[in-house]
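A.B. asks: In case you want the letters, here they are:
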Amino acid sequence: MNVLSKFAALGALMLIAACSNNDPSALGGGAGGSGAIQPGSPSDPRSPAYFQQTVGDRVLFAVDQSTLSPQAQTVLQGQAEWLLANTDYTATIEGHADEQGTREYNLALGARRANAAREYLISRGVAGNRIQTISYGKERPIEICSTEECYSKNRRAVTVLTGSTLG
Amino acid sequence: MMKLLTSLFVGLTLLSAPVYAQSGPLRLELTEGIIEPMPFAVPSFVPDSPAAAQYATDISRVVAADLTGTGLFREISSDAFISRVSSFEAPVQFADWKAINAQALVTGAVNVSGKRLTVRFRIWDVFSGQELGNGLQFAGTTDGWRRMAHKVADQVYSRITGEGGYFDSRVAFVSESGPKDQRRKRLAIMDYDGANVQYLTDSAAIVLAPRFSPTGDRLLYTSYESGRPRIYVLDVGRVKRQELKTQDGTMSFSPRFSPDGRSIVYSLIQGGNTDLWKMDLASGQSVRLTNTPAIETAPSYSPDGTQIVFESDRSGTPQLYIMPANGGEATRISFGQGRYGTPVWSPRGDLIAFTKQNKGRFHIGVMRTDGSEERLLTASFLDEGPTWSPNGRVIMFSRETQGASGRSSLYSVDISGRNLRPVRTPDGGSDPAWGPLQN
Amino acid sequence: METGTKISAIAHVSLIGWALFGGTFRSEPLPMAVQDVSVISAEQFAAMTAQREAPEVPSTPESLEQPPEPVEEVNAPEPTQEEQPRPEPVTPSEPEPEPVPETVEVPPEPEVVEEPPVLEQPEPEAVVLPTLPGPEAQPRPADRVAPEPIAPPPPEAQIDDVESPPVSLDEGAETQQEQQDQTAPEEATDQIVTEAEESDKTAPTTSPRPRVRPNRPAPPAEPEVAETSEPAAPAEAPSSSEQDAIEDALSEALRDSEPSGPPLTSGEKDAMRLAVSRCWNVGSLSTDALSTVVVVGFSLNRDGTVVGGSLRLLDSSGGSAGAEKQAFDAARRAILRCGARGYDLPADKYEHWQDIEITFNPERMRIK
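Protein chains in written order, with the numbering used here: chain E, 1 to 167; chain Y, 1 to 439; chain V, 1 to 368.
Keep in mind the hints are simulated off the structure, nothing from the lab. Treat the numbers as computed from the prediction; the structure is a model and nothing was measured. Please note that a few of the clues may not be correct.
Calculated cross-link-like contacts (lysine-lysine; reagent style DSS-like; alpha-carbon spacing at most 30 Å) [said to hold, decoys possible]:
hint	chain 1	residue 1	chain 2	residue 2
1	Y	K115	Y	K240
2	Y	K278	Y	K240
3	Y	K278	Y	K245
4	Y	K359	E	K153
5	V	K325	Y	K98
Here chain Y is said to cover these stretches of chain E; the calculated rule only asks that three of the stretch's residues, wherever they fall, bring their Cβ under 8 Å from a Cβ of chain Y [unchecked claim]:
hint	region
6	39–53
7	104–110
8	115–125
9	143–156
The beta carbon of each residue, even a glycine, is placed where N, CA and C say it ideally should be.
With these hints in hand, go ahead and build the complete structure from the sequences.
C.D. replies: Here it is as structure tokens:
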């Protein structure tokens with residue numbers, strides 16, 4: 001119970017950082033990565049920053065869809081490998097929708113997307129109890145224009161790392 | 001041929017009703033009328049004492065604003081008045097009001113003693129010189145003067161239209177501020193006309209889609225305050241909230257009270273799949289109502305509590321379905337082009353309001369409960385989330401504007417599609433929920 | 001952990017139980033009881049206020065003792081919202097400016113009085129082609145829906161149910177005429193136009209459009225088609241024109257036995273019907289009242305004005321008792337308003353129109 005709520009709080013923290021959509025290195029700050037070069041920096045393959053920038057922390061979806069494109073599967077494959085290699089971390093996958101759609105339906109749609117990503121990670125060997133999902137529906141867009149260019153970036157599932165090393 | 005038939009008919013009529021033709025009255029049938037706002041006048045209510053003067057003026061203004069706001073009435077400015085009403089007891093000079101074409105006239109008087117406020121009023125049909133119903137008096141406190149005005153207006157409205165009133169009611173909504181990517185949301189409640197806004201939560205967590213209990217004393221809503229979407233119930237008077245426990249580790253949202261207030265229906269997400277569940281509030285026990293791999297959400301009870309209309313994408317796109325209130329086979333009712341969502345059963349039971357998305361536009365519409373006679377009332381970049389006035393005559397909804405600077409605000413529209421107008425709120429607003437008439 | 005869950009569960013159950021159980025919560029006065037509003041009965045009120053039916057007896061307010069009020073002591077007001085210190089005197093929801101005709105499309109040359117569409121009655125022989133909107137003319141949204149669309153009135157014209165030309169005091173004029181403001185019928189569309197329809201071009205939809213006015217102007221009739229001898233009154237239901245024909249034929253057959261001049265022609269009847277329908281405003285009626293058919297009887301004086309007190313409800317069908325009242329009120333207003341200056345009926349046929357019964361059938365005016 002306690003651990004769970006801690007995770008949730010952490011997830012929220014990381015979400016805020018993720019939403020600001022830049023300077024991801026800030027995330028890794030203080031994380032005890034054990035790489036040779038600059039622990040915690042994006043060049044440290046064991047750092048969350050590396051996960052976010054190099055592996056890729058998000059996959060995008062087509063309109064109304066929650067199926068994973070080949071590109072999305074490639075990204076998730078990388079995520080799975082990283083998670084298998086860095087067992088200290090757990091993850092929360094946030095599902096999102098664009099603004100075209102009603103609020104409650106989009107909340108359910110975001111959950112579907114997050115779950116699609118989770119199922120894929122599990123199918124690649126990541127333990128199910130390491131991956132939580134949450135949906136924000138259309139409540140947390142990262143791009144705010146009202147064109148497909150922005151919409152396509154908002155229809156996403158973002159894998160946010162949490163872990164004891166961050167606590 | 002036609003002529004033959006006609007003369008045949010005439011012959012028959014002659015035999016059967018010769019009296020009618022000879023000396024009866026001229027009989028006419030009208031099937032065509034006009035639809036226009038009815039002109040009315042509300043001369044400032046008469047204060048019984050100087051202390052009542054401001055209340056008298058303010059109350060008559062609110063009465064007039066309520067009536068005008070319906071789109072069914074048009075106020076005649078006091079500049080046009082010929083006679084002044086300086087005494088509530090004096091006979092009404094109907095000729096003076098006829099001359100300015102006032103068809104309805106509301107006269108009133110206000111008394112204040114201490115904190116106690118009384119309003120007396122009468123409603124007149126000017127052209128027949130008759131009073132519509134009997135005079136009434138409302139008593140309350142000076143703090144509640146706006147409610148007294150709304151009550152007077154409700155009486156005027158229902159006596160002229162035959163429809164129940166809706167002015168003395170409140171609306172819960174989500175107050176929104178900030179840009180789209182940093183939007184802050186707070187649960188708020190206000191009078192139906194946007195006055196007396198009161199905030200019920202802070203903006204620390206996302207809040208969504210409030211719904212009133214049948215008596216208006218509690219609100220159900222969805223909040224992210226625990227980190228994930230969960231259902232809360234809030235006591236409006238005491239501003240105290242409490243989470244309604246659903247399965248651990250799940251997300252739950254879209255809660256609505258049953259008409260008897262004893263249970264709620266809501267959406268629960270398990271393994272990425274969203275189904276409808278029902279919770280008995282006394283026991284806290286939930287049972288599943290739908291069990292499909294599709295998204296089932298946005299439920300709404302029929303007023304008699306026997307059925308639930310909801311949104312499901314089991315056909316591939318979101319459409320509207322009706323099922324028995326305890327679950328069971330669902331019948332699809334929406335068949336037009338596009339996607340349908342957020343169905344809301346009207347308090348009169350005859351119509352279902354919904355959001356429709358088609359060809360890149362959003363509409364608020366209504367249809368009969370069997371899906372027939374669909375009518376779209378609005379069109380914009382993004383309209384959604386209809387809610388019914390207590391009398392089932394007006395629909396309020398939220399409208400979001402396009403682009404980076406887009407913001408959400410509340411609008412209302414008559415179910416005829418007329419009288420589309422914004423509802424003023426201090427900040428942006430979304431997800432309105434219209435409460436019942438107050439006692 | 002277990003303990004926490006237990007405590008939480010107990011807290012939840014007890015809160016829900018408290019919130020739901022028994023009358024306590026629900027029957028308790030609302031916490032906002034500051035706004036406790038109570039109603040006294042009509043009788044009490046009537047007793048309290050003056051008898052205005054008898055104006056010759058001046059009512060003295062002093063004599064009107066207020067009866068003991070049935071209102072309980074009102075609780076001390078407890079301001080419930082800190083953020084809202086006092087009711088503001090200004091209503092935040094000030095009404096939107098009404099789209100009154102003045103603001104709508106001023107005709108290009110203000111001096112020129114626009115010809116409103118034909119409202120006068122056709123001669124019985126004449127066939128009137130309904131005025132047609134242009135091929136792609138969309139119905140315009142207006143605040144008013146009437147049997148025929150009416151163009152925006154000239155800017156100086158006052159809105160009136162009766163159309164009249166402007167009369168000004170001409171210095172040199174011999175005949176004394178009262179100065180009179182120009183009046184014109186108020187602008188109207190012939191159907192309700194919703195926002196969804198206004199934007200139809202951008203958002204075509206296959207859903208059935210609201211057709212509150214089922215009889216749009218008919219497509220242009222070929223001239224040679226106009227051979228029927230019946231007046232093609234555009235605003236008429238086929239059934240009623242047939243009825244008219246029957247009644248005409250009937251009256252003709254009976255002409256000899258009539259006490260005075262010839263009966264009203266169908267044109268004259270239509271004129272009377274239209275005169276009343278122009279004031280029959282169903283826009284403020286409930287849907288229930290819109291399902292109610294009422295038959296109203298009344299008598300006219302020789303000058304065409306309504307005999308005081310002659311209006312009565314003869315019959316009603318289709319609606320509840322409450323709806324019947326509103327439907328009758330609307331019908332009564334129509335007859336009285338449009339007859340305020342007397343109906344224009346042929347004086348020599350007074351016996352034929354002295355008593356009138358009108359069936360007000362709003363079926364086609366319903367919100368569908």
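A.B. asks: All hints, please: hold or fail.
C.D. replies: Consistency of the hints with the structure:
This hinted pair checks out: Y/K115 and Y/K240 have alpha carbons roughly 28 Å apart, not beyond 30 Å. A distance of roughly 23 Å separates the Cα atoms of Y/K278 and Y/K240; the hinted pair therefore holds under the 30 Å criterion. Taking the CA atoms of Y/K278 and Y/K245, the gap is near 12 Å; set against the 30 Å cutoff, the hint holds. For the hint pairing Y/K359 with E/K153, the CA-to-CA distance comes to about 21 Å; that is within 30 Å, so the pair holds.
Pair hint V/K325 plus Y/K98 holds up; C-alpha atoms about 21 Å apart against a cutoff of 30 Å. Under the rule that three or more residues need a Cβ within less than 8 Å of chain Y, the assignment of the region 39–53 of chain E is violated, with 0 such residues. Judged by the Cβ-Cβ criterion of 8 Å, the region 104–110 of chain E is covered by chain Y as claimed, because 5 of its residues qualify and three suffice. Proximity of the region 115–125 of chain E to chain Y, defined as three or more residues with a beta carbon under 8 Å from a beta carbon of that chain, is established by the 4 residues found.
Look at the region 143–156 of chain E against chain Y: 4 of its residues bring a Cβ nearer than 8 Å to a Cβ of that chain, three or more, so the hint holds.
Hint violations for this structure: number 6 only, all remaining hints satisfied.
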